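Trainee: The listed protein sequences correspond, in order, to chains U and R.
Its first residue numbered 112, the first sequence is counted upward by one per residue in the numbering used here.
Its first residue numbered 638, the second sequence is counted upward by one per residue in the numbering used here.
Hints are computed from structural coordinates only; laboratory data are not their basis.
Everything numeric in this text was worked out from a predicted model, so none of it was measured.
Hints may be right or wrong, so weigh each one.
Derived pair list, reagent style DSSO-like, types lysine-lysine, alpha-carbon separation capped at 30 Å [to be verified]:
{"id": "1", "chain 1": "U", "residue 1": "Lys285", "chain 2": "U", "residue 2": "Lys338"}
{"id": "2", "chain 1": "R", "residue 1": "Lys846", "chain 2": "U", "residue 2": "Lys285"}
{"id": "3", "chain 1": "U", "residue 1": "Lys548", "chain 2": "R", "residue 2": "Lys769"}
{"id": "4", "chain 1": "U", "residue 1": "Lys294", "chain 2": "U", "residue 2": "Lys262"}
{"id": "5", "chain 1": "R", "residue 1": "Lys848", "chain 2": "R", "residue 2": "Lys698"}
{"id": "6", "chain 1": "U", "residue 1": "Lys548", "chain 2": "R", "residue 2": "Lys848"}
{"id": "7", "chain 1": "U", "residue 1": "Lys546", "chain 2": "R", "residue 2": "Lys769"}
{"id": "8", "chain 1": "R", "residue 1": "Lys692", "chain 2": "U", "residue 2": "Lys548"}
{"id": "9", "chain 1": "U", "residue 1": "Lys294", "chain 2": "R", "residue 2": "Lys769"}
{"id": "10", "chain 1": "R", "residue 1": "Lys848", "chain 2": "U", "residue 2": "Lys546"}
{"id": "11", "chain 1": "R", "residue 1": "Lys711", "chain 2": "U", "residue 2": "Lys548"}
{"id": "12", "chain 1": "R", "residue 1": "Lys698", "chain 2": "U", "residue 2": "Lys546"}
{"id": "13", "chain 1": "R", "residue 1": "Lys769", "chain 2": "U", "residue 2": "Lys285"}
{"id": "14", "chain 1": "U", "residue 1": "Lys546", "chain 2": "R", "residue 2": "Lys846"}
{"id": "15", "chain 1": "R", "residue 1": "Lys769", "chain 2": "U", "residue 2": "Lys298"}
{"id": "16", "chain 1": "U", "residue 1": "Lys548", "chain 2": "R", "residue 2": "Lys698"}
{"id": "17", "chain 1": "R", "residue 1": "Lys692", "chain 2": "U", "residue 2": "Lys285"}
{"id": "18", "chain 1": "U", "residue 1": "Lys307", "chain 2": "R", "residue 2": "Lys769"}
{"id": "19", "chain 1": "U", "residue 1": "Lys338", "chain 2": "U", "residue 2": "Lys546"}
Here's the letter readout for the chains.
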Amino acid sequence: MAAMDEVRTHFSSYPDYVNQQVQIATETFTITGLKSLINFPQTIYMVRDSLLTASINKLELVEVFAGLGQTVPAETTGLISEILDGMLIAMHNASGICVSIYPVPQPNSRPISMPIMENNVGGGNSAFNENLEANIILLRSHLNTSDLQMKNYVMGNLVKSNVVVCYMESLIDKQMLGNLTHKLESKQSTDISNIKELSSVLEFSNFSLVTHYMTYELPQNAAKALKDGKAVLFQERLPFAIVLPSLISDLFVTEDDTNHPPIYTWLLRSLRLIGLLTTLIVPGLYVALVSVNPDVLRFELAHSIARSRLDVPYPAIVEALLLLIIMELIMEAIIRLPSSIGPTVTMVGGIVLGQAVVDAKLVSNLLIIIVAAATIANAAVVGFRNSYALRLLKYLLLFLAAFLGVLGLLTGLVIICAYVAGIRTLGVPYLQLIKPKGE
Amino acid sequence: MSKNLEVSATYVMTHLGLIFFLYPLDIIESTNESHWIPVIAGFLFHLLIISMYLKGLSYFKGQNIVDILLKKNKVLAWVVLFPALLYLAWIIVLAVRAFAEVLSIVFLSNTPLWVLMLLLLIVPGFMTFHGKIGGLLRLSVLLSFLFIIPVVFVMVTSFQNIDWHYLFPLWPGHGAFTFLTLPPFYKSLFAYTGGFLLLGFLPSYANFKPKAIFLGCLVLLPTYLISVYIPVLTLGEETARRLQFPYLLVVDTIEINWLMFDRINIFLLLSLVAFTMFFIAVTLWQILIIIRLGVIDISPNFLIPIILLCTFIACLFIPDWKTADLLFQWNIPLRMYVSIVTPIFVLTMGWLHARKTKLGLNNS
């Protein structure tokens, strides 16, 4: 009884705290919980109904009551944490037995709906959302097998949040799984509310340019990853599955491809590869060919490029940087703008980048084409996390090309290759195609 | 886990970077006609040493050559390891210096040589430092995926201006094997012996079948032949002999109407830069292993910069191409020693080791 009073004082300032007495026959029960998390009318009806039936049938009321949920010790902190987790706490006043009942919850997230970041053409369209249970339901419906294992980790001391690790027992690389669970277990006291904190728990380098994990909104992608022997993490309140580790093939391959005839699958994948190379190379190639190695080009072409840059008063690298940065700004600005203003930016950007800047003799015609090609190609790779890496790395090639021409371009490519070849996630090398394996 | 693809890609890659520059001229200088005989002779020599080497290594599952040698007899081990170390250091210096020269001739005539040399050292240093051997092995696959296509493209297009008559006579009138007496032939062996030592330095998890290596060699054979025969078939033997880099010059004369580039050899050269950087990185790795296991275990964080710095200083002391060429010549005895003694030594030790274990088994 004392514990219940303490709980009541703890929650006394909460506007959504409910503490209610229910009288069944001669027995009194106290029912408490947070109405923001629990649908109270329905839950109380549920509880009362079973108790009333029991009393009419002359059954032992207290036993039926204890069977409604899980008996918990009447101890203040335990009760408070149960209530905050969204459970209904009921107490039999005479005996002091406390039961934690799974209630009818208040809906706390959007229903399962279309993906926002991840469009697909050929496959299903239900996407993960912020609700952990809903995500697990979706995943299970795609992978109906007993091989699918799930482990829940409650992370954090101050703020608790759940992280669910899913994997296929028979397919996953045991060493990687060991690494993953060890890291989660050893840092269970770390608060996790965003991916950065999760990354620091998993000890990913802060300076890594290539993403160590992929995020998928579509359950079929997560299911495919599981079948390939990867691990899928769900973090509470994040509307996507985090797939570990990411491999280089994640740049080119999505599960959606397999819904097309195989020829198109491979054509689409090669297209993405071309996109990757284009976005990396083209801006650098422009700078290299214009400012360092014009002799590599055919004379006619070199001549026409030189003519288009006749009035441009600064070196090619400055010109390219100018336009590329404007492009980056547009891409960044459009993310946060309300959809009613977005088109304005697109239009203004289109005019500025399209005609005016050329007419004003600030940049050459050709560069507009280059920047457009690089930006479009950048979007061709799978996953926006991967496109970030490409957006950055193209500047490495740009600067090297400005220093050393085509040789710099090549050096940049080799450096990127070497970088990619050396990356490991949880002991698994990044440069693999389908199944992640340790060394 | 089997790493056949990675190991054989590494093997092919390390050799490809060496073939197209000095090798054609050395072969052309070593004989007047039927150039295929010295090419095949060199190739057979190459097959012989790697099969001995691989056979020897196969007696010690999953150990690298430094461990194998040092476990037996320290003095004998250093008889093999010290020349190997010296040889590896020597070829890094030569590769960097020579390649910087080529780059400066072909496309960066205004850039000072030391910048190019620094580039050719820092990038391989990064490869080795960041990737370790696992990263290098994976890198070989990625690089071959990206750069084999341009190389093959150039090799195919280089047939553009050939005259098949220069192919004859297939068998020389007299003295078919006089090339064996001339130094250029031994110089040309550089293209065969540059990378084979690596096979002994792979870590235990990189298992591979010897078959994969021999397949890799088979891929290389046409490359050796093409690099020699294209200049000969295009220009004739007499003219080809006068050029410093005959193959590169021939590629420079190719014209393809539909391509926006005027100089095809840029594709070849850039790919070769990538392969050479890879070759340097792999050689750096071998030096690293010898020093760390054999001499003193310093962290690579310090060792790699130290090696790079020493190499860079050594490169700076080579003033011109003539000196570099001279160093190539002086390198011949050492190269022959390393490429003949090491495999034989490893094979003998492996054989003794196998006999000992067999005796041990019989006794127990």
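Trainee: Hint check: Lys546/U vs Lys846/R, CA-CA at most 30 Å. Holds or violated?
Mentor: With a Cα-Cα distance of about 22 Å, the restraint between Lys546/U and Lys846/R holds, given a limit of 30 Å.
Trainee: Would you mind confirming whether the straight-line C-alpha gap from Lys711/R to Lys548/U stays at or under 30 Å?
Mentor: 38 Å, violated
Trainee: Below or equal to 30 Å on CA atoms is what counts here, so check Lys848/R against Lys698/R.
Mentor: 16 Å, holds
Trainee: Taken at face value, is the distance from the CA of Lys285/U to the CA of Lys769/R at most 30 Å?
Mentor: Since the Cα atoms of Lys769/R and Lys285/U sit roughly 23 Å apart, the hinted pair holds (cutoff 30 Å).
Trainee: Hey, Lys548/U versus Lys698/R, does the alpha-carbon distance stay inside 30 Å?
Mentor: With Cα atoms ~22 Å apart, Lys548/U and Lys698/R stay inside 30 Å; holds.
Trainee: Hint check: Lys546/U vs Lys769/R, CA-CA at most 30 Å. Holds or violated?
Mentor: Roughly 22 Å separates the two Cα atoms, so the pair holds.
Trainee: Sort out whether Lys769/R lies within 30 Å of Lys548/U, counting only the CA atoms.
Mentor: 17 Å, holds
Trainee: Would the hint linking Lys692/R and Lys548/U be met if the CA-CA limit is 30 Å?
Mentor: Distance ~29 Å between Lys692/R and Lys548/U Cα, so the pair holds.
Trainee: Between Lys285/U and Lys338/U, does the CA-CA distance stay at or below 30 Å?
Mentor: 14 Å, holds
Trainee: Regarding the pair Lys846/R and Lys285/U, is the alpha-carbon distance no greater than 30 Å?
Mentor: OK: Lys846/R and Lys285/U at ~26 Å, within 30 Å.
Trainee: Measure nothing beyond the straight line between the CA atoms of Lys548/U and Lys848/R; if it is 30 Å or shorter, mark the hint as holding.
Mentor: Status holds; Cα separation ~24 Å.
Trainee: Does the structure keep Lys294/U and Lys262/U at a Cα separation of 30 Å or less?
Mentor: 14 Å, holds
In summary, the numbered hints that this structure violates are 11, 17.
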